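Sequence order for the protein chains is Z and U.
1 is the number of the first residue of the first sequence in my numbering; add one for each residue after it.
1 is the number of the first residue of the second sequence in my numbering; add one for each residue after it.
It should be emphasised that the hints constitute simulated quantities derived from the structure, not laboratory data.
Everything hinted at is true.
Because identical chains share one entry, a pair is satisfied inside a single copy or across any pair of copies.
Lysine to aspartate or glutamate pairs mimicking DMTMM-like chemistry, simulated, CA-CA at most 25 angstroms apart:
hint, residue 1, residue 2
1, Lys92, Asp78
2, Lys151, Glu22
3, Lys312, Glu118
4, Lys49, Asp294
Bear in mind that the values here come from a model prediction, so they are computed numbers and not experimental data.
Residues per chain, in single letters:
Protein chains: 2
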Amino acid sequence: MLRILHVGLGPLGIRILNDLHEREVGHVVAAVDNAPALAGQYLHQYVPKASPAIRIQHSLETVDWSVVDLAIVTTSSDLAKCADTFRHLLSKGKAVVSTCEELVYPWLRHVALAEELEELAKRSGGRLLGTGVNPGYLMDALPAFVSSVSKSVRGVACYRVQDASARRIPFQQKIGAGLDDAGFAAKVREGTLRHVGLGESLHFIAHYLGLPIERWEEDIEPVHATRDLQSGVGAIPRGRIAGVRQVAKGYFDEREVVHLEFQAAIGQHDPYDRVLVEGEPRVDVVIPGGVHGDIATSSIVINTLPRVLEAKPGLHTMATIAPPFFVRAGTKR
Amino acid sequence: MLRILHVGLGPLGIRILNDLHEREVGHVVAAVDNAPALAGQYLHQYVPKASPAIRIQHSLETVDWSVVDLAIVTTSSDLAKCADTFRHLLSKGKAVVSTCEELVYPWLRHVALAEELEELAKRSGGRLLGTGVNPGYLMDALPAFVSSVSKSVRGVACYRVQDASARRIPFQQKIGAGLDDAGFAAKVREGTLRHVGLGESLHFIAHYLGLPIERWEEDIEPVHATRDLQSGVGAIPRGRIAGVRQVAKGYFDEREVVHLEFQAAIGQHDPYDRVLVEGEPRVDVVIPGGVHGDIATSSIVINTLPRVLEAKPGLHTMATIAPPFFVRAGTKR
Numbered sequence: 001m002l003r004i005l006h007v008g009l010g011p012l013g014i015r016i017l018n019d020l021h022e023r024e025v026g027h028v029v030a031a032v033d034n035a036p037a038l039a040g041q042y043l044h045q046y047v048p049k050a051s052p053a054i055r056i057q058h059s060l061e062t063v064d065w066s067v068v069d070l071a072i073v074t075t076s077s078d079l080a081k082c083a084d085t086f087r088h089l090l091s092k093g094k095a096v097v098s099t100c101e102e103l104v105y106p107w108l109r110h111v112a113l114a115e116e117l118e119e120l121a122k123r124s125g126g127r128l129l130g131t132g133v134n135p136g137y138l139m140d141a142l143p144a145f146v147s148s149v150s151k152s153v154r155g156v157a158c159y160r161v162q163d164a165s166a167r168r169i170p171f172q173q174k175i176g177a178g179l180d181d182a183g184f185a186a187k188v189r190e191g192t193l194r195h196v197g198l199g200e201s202l203h204f205i206a207h208y209l210g211l212p213i214e215r216w217e218e219d220i221e222p223v224h225a226t227r228d229l230q231s232g233v234g235a236i237p238r239g240r241i242a243g244v245r246q247v248a249k250g251y252f253d254e255r256e257v258v259h260l261e262f263q264a265a266i267g268q269h270d271p272y273d274r275v276l277v278e279g280e281p282r283v284d285v286v287i288p289g290g291v292h293g294d295i296a297t298s299s300i301v302i303n304t305l306p307r308v309l310e311a312k313p314g315l316h317t318m319a320t321i322a323p324p325f326f327v328r329a330g331t332k333r
Numbered sequence: 001m002l003r004i005l006h007v008g009l010g011p012l013g014i015r016i017l018n019d020l021h022e023r024e025v026g027h028v029v030a031a032v033d034n035a036p037a038l039a040g041q042y043l044h045q046y047v048p049k050a051s052p053a054i055r056i057q058h059s060l061e062t063v064d065w066s067v068v069d070l071a072i073v074t075t076s077s078d079l080a081k082c083a084d085t086f087r088h089l090l091s092k093g094k095a096v097v098s099t100c101e102e103l104v105y106p107w108l109r110h111v112a113l114a115e116e117l118e119e120l121a122k123r124s125g126g127r128l129l130g131t132g133v134n135p136g137y138l139m140d141a142l143p144a145f146v147s148s149v150s151k152s153v154r155g156v157a158c159y160r161v162q163d164a165s166a167r168r169i170p171f172q173q174k175i176g177a178g179l180d181d182a183g184f185a186a187k188v189r190e191g192t193l194r195h196v197g198l199g200e201s202l203h204f205i206a207h208y209l210g211l212p213i214e215r216w217e218e219d220i221e222p223v224h225a226t227r228d229l230q231s232g233v234g235a236i237p238r239g240r241i242a243g244v245r246q247v248a249k250g251y252f253d254e255r256e257v258v259h260l261e262f263q264a265a266i267g268q269h270d271p272y273d274r275v276l277v278e279g280e281p282r283v284d285v286v287i288p289g290g291v292h293g294d295i296a297t298s299s300i301v302i303n304t305l306p307r308v309l310e311a312k313p314g315l316h317t318m319a320t321i322a323p324p325f326f327v328r329a330g331t332k333r
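Sequences are here, hints too, so could you generate the full structure?
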């Protein structure tokens, strides 16, 4: 059983810890969250199978490092905001898995920080990986893995089309469901409607598959309801916003070589995930129904833990650790 | 550019070497085949881009090891028949990639030999991997990689359904096209009609995904033409053999936990590959049209070369090397 320090007790963090205990892959030995309301509370209020003795700590300063094998960090999408946490954990020589979206390919927006973390990890014997279902798997690790059967690759396209009807209300709010166009535009300007990670996935593909990108762009636009819809945020009349469509495109020599498309809307018909590797051979991979985002992100974090623990010290990506697969408790590998 | 020693100049070996040079990922520095007709011949007759100075050697004894980075072995499906070659290469501390089907999961049929090769590799600094598109990818590495989004896995099913119409004549002959039932049964008894590797893929999945197998079975049966067909081996009247269907099933507690199905027939409609991971979530991955076997096997051998070279010394599988992806010449990773 892996002994886990968890940092960041938002909904995703709590889900991961509950799954970790339910699956008996590991157990939490310490939990940290800097929200004043959480400090000192008993973790088992949120994670019923956690030891009743564990109180949520306010900071990493009070952690007993001798009992920690691995750390999981679910605090922010923004690598700069996670940096101090990663520095602290790496300086203790720990292996760290995080859902920080920008960490999936940190060289896009944080070259200097990525180099600093890489050096610190190597020096102190730590390991650091960013993962998740998207970014982290469907639009980066999976297309790279699919391309292993390729003799040539001219381009890559990935599509993630989701029906948001069955998702939790905060998710429906986040994609703008029920807004009018002005309200949607305002949320886009605020930056609260953006799915983080398409740029990271795009540059992950470009880097590992040798598809040079001269310029890239990312657009976000509303998906309008084409009929009256019901949703968790109330009725959505035809013409109002049902959800969001976000597209990232990478160009070389005016040719689009990487195309990533993310769409989540209430009432979306026939959701799916799809990876298309254009080349010899052309490989078209379709997942009808798509991959459930919440379960998958928690699962991939847990399933990568053993692979990160056994990896060389350093800053890793999903292309440099051994391929993760479902980890069953008590199974020798 | 990787400097390659190639052992085994059958059609697959020659294809790999031509692809290797065309892709400029590596170049061959020595080639060995024990067929008397080949020894002493110039390799560039078969591999036009190979150096005109290279003659095919009859044995590994005469190889200049100082110029070899990696070896590729395409000699036999049978691990026992490849064992002396692997011993020789590993004793020189070389990294070796082979299409030997039984090497994809050698512990199924050759436990003692697998242990011997593992120990030799570790002692001498060599690395050994068995791969290919099937076995090696579609029914083992790919379902394992798909399961990385899984919270639980109850079972795995893989399907490979191919239209043999466009394949080379030896392949059409190998699947029994044009035979009557008695002729098909005779070839099955001879063992010449068998696709090698379903058992290896099945036990690969069972091992890494923790699906204990109490017993397993493998069946082979003819696919009959349901209409008059044309093929490379001549006309196939309705009712004659169009191809072969081979199914491997692994059971635990009388429940089928792994199901692998391979079908190749002339005139097969809607060929596809499919991986179904039953669990939470259920993940159904479909590749309409399927993956072209000849291109893919050559590609995956070439694309795994850098990952095997950087792996720890030892006997590897597709689950223990870093995940392969398309390797583009001149790309820094």
